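Colleague: From first to last, the protein sequence lines are chains A and B.
Going by my numbering, the residue at position 284 of the first sequence is 297; the numbering climbs one at a time, nothing skipped.
Going by my numbering, the residue at position 100 of the second sequence is 132; the numbering climbs one at a time, nothing skipped.
Honestly, I wouldn't trust all of these hints.
Stated by the list, open to error - Partner residues aside, some chain A positions facing chain B, computed with beta carbon under 8 Å: (1) 109; (2) 113; (3) 115; (4) 121; (5) 127; (6) 128; (7) 129; (8) 166; (9) 170; (10) 174; (11) 190.
Said to hold, decoys possible - Incomplete in silico selection of chain B near chain A, CB under 7 Å: (12) 71; (13) 73; (14) 204; (15) 206.
Because the hints were derived from the structure by calculation, they are not lab data.
Note that the structure is a prediction, hence the values are computed from the model and not measured.
Glycine included, C-beta positions come from ideal geometry on N, C-alpha and C.
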Amino acid sequence: MKQPAPESGSEPIAAAAHRPATSRNNVVIEVERVSKTFETPRQGKVVALEDITIDVSYGEFVTVVGPSGCGKSTLLRMIAGLTPLSAGKILYQGEPVRGLNTKVGYVPQESKLFPWLTLEENVGFGLDPRRYSRKEREDRTHNFIKLAGLEGFEKHYPSQLSGGMAKRASIIRALVYEPAVILMDEPFGPLDAQTRMILQDELLKIWEQKRQTIVFVTHDLVEAVALADRVAIVTHRPGRIKDILKVPMDRPRNIFEIHRQKGFDEAYGRLWNIFRHELKIRLDQGQSLDSQTLSR
Amino acid sequence: MPDSNSAGSPEVGRPYRARGLWVNLVRLGVIGGFFLLWEIASGRWIEPFLISSPSRVFTSLIDNIQSGTLMEHSWVTFKEIGIGFPLGALSGIATGYLFGRSRTLAEIFEPIIMAIYGIPRTALAPLFIVWLGIGIWSKVGVVFLLTFFLNFFNTYAGMKQMDQEYIDLARLMGASKWKLTFRVIFPAVSPYILLGVKTSIPFAVIGAIVGEFIAATEGIGFFIRLSAGVFKTADVFVGIIVLMFMVIVMNKIADLVERRVLQWQTQTEHVQIQG
Ligand SMILES: Nc1ncnc2c1ncn2[C@@H]1O[C@H](COP(=O)(O)OP(=O)(O)OP(=O)(O)O)[C@@H](O)[C@H]1O
Ligand SMILES: [Mg+2]
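Full structure from sequences and hints, please.
Modeller: The following block contains the structure:
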């Protein structure tokens with residue numbers, strides 16, 4: 014299932030710097046035939062993911078779409094080393110992930126800002142004092158807070174922020190210390206359409222500057238296409254990768270008029286076709302449908 | 033009853049401040065009335081040696097302060113609490129933290145601690161006198177024992193309740209052990225820790241007094257027992273006033289610390305459970 018590098022023109026500098034000489038084919042994350050079965054005392058075994066294989070290259074923006082409960086969060090948590098695998102293996106820069114993978118940044122599904130730290134303390138949390146001087150830490154934190162439009166709220170606690178602000182803060186908390194790979198779990202999930210677009214736009218702008226590798230989970234098909242170099246489609250229980258679609262759209266992209274951009278309709282159409290097929294299977298099986306799947 | 037609307041619920045439209053004033057006034061009235069009743073009852077309806085009277089208590093308070101007796105005894109009790117309470121609280125918090133961090137430790141020692149907890153702890157006070165003598169150290173021991181458990185249980189409960197995801201996130205962000213402990217775990221558990229500290233304050237005072245009741249040559253507990261023995265009821269109340277004063281001061285300090293440490297919490301998020 015190896016896919017060629019995204020057509021993002023020349024190799025970005027930031028990404029190249031992260032790449033060790035030994036790594037093959039630009040690949041930073043290799044998920045190989047991974048399965049995950051949860052054992053619960055009451056409900057017995059739940060097969061969350063089955064036989065998942067996907068590679069992610071340096072500087073690539075991969076989105077993962079699938080219905081609620083198909084195991085998207087679980088996949089991210091396994092890449093981060095937060096959840097052990099049941100079968101298969103996950104390599105990071107060619108090395109198997111053992112324990113926590115501190116090389117990746119992780120934006121959890123809920124914002125999970127530390128409630129006892131102020132906004133700026135939260136954002137600067139990942140900046141290692143052994144790597145950055147005090148001045149550098151302050152500057153970086155400040156720059157990202159500005160970038161996320163959170164100026165003036167530096168001294169506020171998370172309980173004093175709106176949900177959208179907290180979300181933005183949790184995203185820049187992962188961006189600020191520039192981990193080579195950032196895993197984002199439905200970061201814009203609960204936001205209104207406007208805020209969502211603004212944040213998608215901001216995220217793409219930041220990413221185009223830094224070209225970190227991003228794995229981005231969503232259940233929104235438009236979002237999946239609009240942001241991605243490639244879209245991985247995960248099926249409903251057991252979660253399997255149904256297909257991985259390339260999105261050959263130019264960058265930089267205009268999120269606000271993404272429908273008009275060349276290539277969008279075609280990519281969205283292909284994604285929808287696969288989804289429609291999935292939907293039909295689930296309808297035929299008489300399974301209950303998640304409202305979100307229907308509303309697309 | 034159409035007019036009961038206006039008379040029935042007068043507080044509804046009243047501004048908050050005015051209501052607060054009203055509450056304070058009524059409260060002052062109740063307290064004042066109580067003291068007045070006490071003063072009148074004493075000597076008329078009830079023997080003064082049983083209940084003394086506010087004026088007698090006040091006079092003997094002044095007397096005891098002037099003679100230096102009260103200061104001497106207060107100082108001893110203060111020392112016992114001042115040593116036993118912080119030691120008990122800190123070791124309770126530390127043990128709770130360690131149990132929360134190490135599953136093995138918790139599995140081995142939890143039943144043992146629960147068994148010790150099952151003993152009425154004040155019943156151990158005489159044993160402390162046997163072990164540590166009748167000086168301040170036996171009382172320090174009792175204070176320590178009472179404080180330790182409350183702090184331990186609250187901290188441990190907080191550790192168990194804590195959202196593991198915060199620890200995972202901090203570690204993913206490369207937090208050092210020190211940073212994880214003092215920037216993540218302790219702040220996360222701080223509402224529980226402070227609850228433990230606050231609930232243990234009155235128990236620390238109880239510990240010191242119980243110890244002094246059993247065997248002592250000085251201290252407020254000793255002073256109270258001595259005074260009661262010779263029916264100097266006013267002096268008993270003087271001792272009680274000192275104890276109340278100690279608890280109030282300690283509570284105030286704890287409140288100040290709490291307000292500083294928990295300033296990130298909104299009102300509604302305050303922990304409600306008691307340890
Ligand atoms: N710790 C756990 N113990 C038991 N089962 C779990 C656990 N975590 C997840 N599961 C199960 O695994 C499946 C996938 O969960 P996961 O959270 O990965 O879904 P998701 O795709 O992220 O869903 P959503 O879009 O709603 O966030 C679900 O059926 C869930 O019940
Ligand atoms: Mg999820």
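Colleague: So which hints don't hold here, by number, going up?
Modeller: 1, 8, 10, 12, 13
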